[in-house]
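Sequences listed follow chains A and B, in order.
So for the first sequence, my numbering puts the first residue at 29; every next one is plus one.
So for the second sequence, my numbering puts the first residue at 18; every next one is plus one.
If you are wondering where the hints come from, they were derived from the structure by calculation, not from laboratory data.
Mixed in with the good hints, there may be bad ones.
Unchecked claim - Negatives, chain B to chain A, calculated, CB over 10 Å: (1) F39; (2) T71; (3) P86; (4) L105; (5) T115; (6) P127.
Stated by the list, open to error - Quick list of the computed label-pair ranges, beta carbon to beta carbon: (7) A:R418 - B:A75: 28 to 36 Å; (8) A:A360 - B:Q55: 58 to 66 Å; (9) A:A70 - B:V82: 25 to 33 Å; (10) A:D174 - B:R74: 31 to 39 Å; (11) B:A56 - A:A145: 25 to 33 Å; (12) B:D30 - A:R283: 32 to 40 Å; (13) B:A56 - A:R167: 24 to 32 Å; (14) A:D379 - B:P37: 36 to 44 Å; (15) B:P37 - A:R98: 30 to 38 Å; (16) B:L49 - A:R320: 32 to 40 Å; (17) A:L32 - B:R74: 52 to 60 Å; (18) B:A110 - A:A70: 38 to 46 Å; (19) A:L242 - B:Q33: 47 to 55 Å.
Using N, Cα and C, we set each Cβ at its ideal position, and we do this for glycine too.
Residue strings, one per chain:
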Amino acid sequence: MSALERAYRDERAAVLATITRRLDGDLALAEDVVQDAFLAAAVEWDRRGVPDRPGAWLTTTAWRKALDRRRRERVADAHAADLAQPVSYDADLDFERSSLEDDQLAMLFTCCHPALAPEARMALTLRSVAGLTVPEIARAFLSSEDAMERRLTRARRKVTDAAIAFCVPPDERLPERLASVLRVIYLIYTEGHGDVRGDICEEAIRLARLLARLMPDEPEVLGLLALLLVSDARRAARVRDDGVLVSLEEQDRSRWDAARIAEGAAVLERALRLGRSGPYVVQAAIAALHSRAPTWEATDWPQIAGLYAELARLDRSPVVTINRAVAVGFAAGAQAGLAILDELQADPRLDRYQPLHAARAELLRRAGDADAAAAAYATAVALADSEAQRTALERSRDRR
Amino acid sequence: MQYLLLLTYRPEDNTQEGTPEFDAEMKRWGELNEEMRQAGIWVGAAGLKPDATTTVRAPSGEPVVTDGPYAETKEVLFSFYVIDVEDLDAAIAWAEKTPAVKYGSVTIYPMDGLELT
């Protein structure tokens, strides 16, 4: 890896955060001049050698370019001479290391501002905080590079034009804004998880680690990191060589990443010690219990069912209730699980909700109600949106 | 930074004039206006008559004047504010204080160019 590539990977996010703060949150201009600084480095470092402190050189260069840009906006086509001046290191423009962490945190909150569209938040976070290139992000979202560039440009213009503040939100806004940051990182993770693309999962975990370092006293931040670590530890077992997804029940547990599970469990413990647990902490605790079980049969279902009950209080979405019913079905018998699903059965909006029918089918089969089970399986298969889902259902149906 | 707040309501679920709810809401608007002036962020505001709008276009040079747009859209524009605040979060905080967020919406436009005084 060349010095330039290393600087791009290691320093870009910090340089961008520093410049954005200095420009009072003008992310559009900051992104442009940081990009220009890297272009200048490609020429200069080749000719004059790599500077002692690449990050400081890049910050200085980007800042000068920003000043030039602003000056030129005021005085059209003047000051062309300034551009030709060689760059020397300016101590005054060095990273302010003390504020660097604040700047990175501010960048994360800015990129995840709820005034931006959810897809824009994810793309901007991957670009400006994680430092991914546009082609990498385009691949992650199965989009063209042009479309991704447009999405990013539009998002940065919105940050600048609407004057989204470049700062960590004040206490009264923090819960709502932090929830958005956590959600964005979680969605980035699931983007990779669904297709079992490890690189995107790794980026999400890196972001969660960064956030956990910057906000070590927020239980939900630690909860998210723990959840991602424990879940990602199963990556190798989650997909067969032919690409078919393997359910938790059928996974080869010897292929789980024990070190990652242990790390996740340790982070979870820290989160629990802080108290005030939210949905991510509870989900991490559920994932950790699954990971601790040597076999599917040996899973601690009563405790998992209890955690799902807690999660259902925090998050009233039907998917949580369904997972709770499945867990209760194992902990207290299929009939008890079915009783919980009955709450959802009454809601006509869920008539065509596939996961509900799939869960009901399996619980009915285990309760020994063959006719009702067959009908529920048929509905679930008809509503399945992928071949993999259908195959899994048929295998579950034909089990004894 | 100046922002234009455009306030809309849904005709079907607006509070009816003459009810205690209506009076309470009017009182709330009055308090909010006062609060904005006290905070020094008030630039301008007005209620609008959404049923009496007129549109002017001149696509080929000749002005064409038409009645409307009619309130066929689900959300009817009925009022606006212009406020001068630090950033978007501050504008959002003021928008949240308007009764309109409960039964309609507030759209925030950052203003460009000519600053109002």
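The hints, checked one at a time:
1. No beta-carbon of chain A is positioned within 10 Å of the beta-carbon of F39 (chain B); the least distance is around 30 Å.
2. At roughly 30 Å, the least C-beta separation between T71 (chain B) and chain A is larger than 10 Å, which holds for a residue marked as non-interface.
3. No Cβ of chain A comes within 10 Å of the Cβ of P86 (chain B); the nearest lies about 26 Å off, and the non-interface call holds.
4. A cut-off of 10 Å between C-beta atoms contradicts the statement that L105 (chain B) is not in contact with chain A; the least separation is 5 Å.
5. Listed as outside the interface, T115 (chain B) is consistent with that label: its C-beta sits roughly 17 Å from the nearest C-beta of chain A, beyond the 10 Å cut-off.
6. Not every C-beta of chain A lies more than 10 Å from that of P127 (chain B), the closest at about 5 Å, which undercuts listing it as non-interface.
7. For the pair R418 (chain A) and A75 (chain B), the beta carbons lie near 59 Å from each other, so the given range of 28 to 36 Å is not met.
8. The beta-carbon spacing between A360 (chain A) and Q55 (chain B), approximately 59 Å, falls within the hinted interval of 58 to 66 Å.
9. Evaluation of the 25 to 33 Å hint for A70 (chain A) and V82 (chain B) yields a failure: the beta carbon distance comes to about 58 Å.
10. Taken as a hint, the range 31 to 39 Å holds for the pair D174 (chain A) and R74 (chain B), whose Cβ atoms sit roughly 33 Å apart.
11. The beta-carbon spacing between A56 (chain B) and A145 (chain A), approximately 30 Å, falls within the hinted interval of 25 to 33 Å.
12. At about 56 Å, the beta-carbon gap between D30 (chain B) and R283 (chain A) misses the expected band of 32 to 40 Å.
13. Checked against the hint of 24 to 32 Å, the pair A56 (chain B) and R167 (chain A) fails, with Cβ atoms roughly 47 Å apart.
14. For D379 (chain A) and P37 (chain B), the Cβ-Cβ distance of about 40 Å falls inside the hinted range of 36 to 44 Å, so the restraint holds.
15. In this structure the hint that P37 (chain B) and R98 (chain A) lie 30 to 38 Å apart at CB is violated, the actual value being about 55 Å.
16. Separated by about 54 Å at the C-beta atoms, L49 (chain B) and R320 (chain A) break the suggested range of 32 to 40 Å.
17. For L32 (chain A) and R74 (chain B), the Cβ-Cβ distance of about 54 Å falls inside the hinted range of 52 to 60 Å, so the restraint holds.
18. Separated by about 44 Å at the C-beta atoms, A110 (chain B) and A70 (chain A) satisfy the suggested range of 38 to 46 Å.
19. Look at L242 (chain A) against Q33 (chain B): about 51 Å separates their beta carbons, and that is inside 47 to 55 Å.
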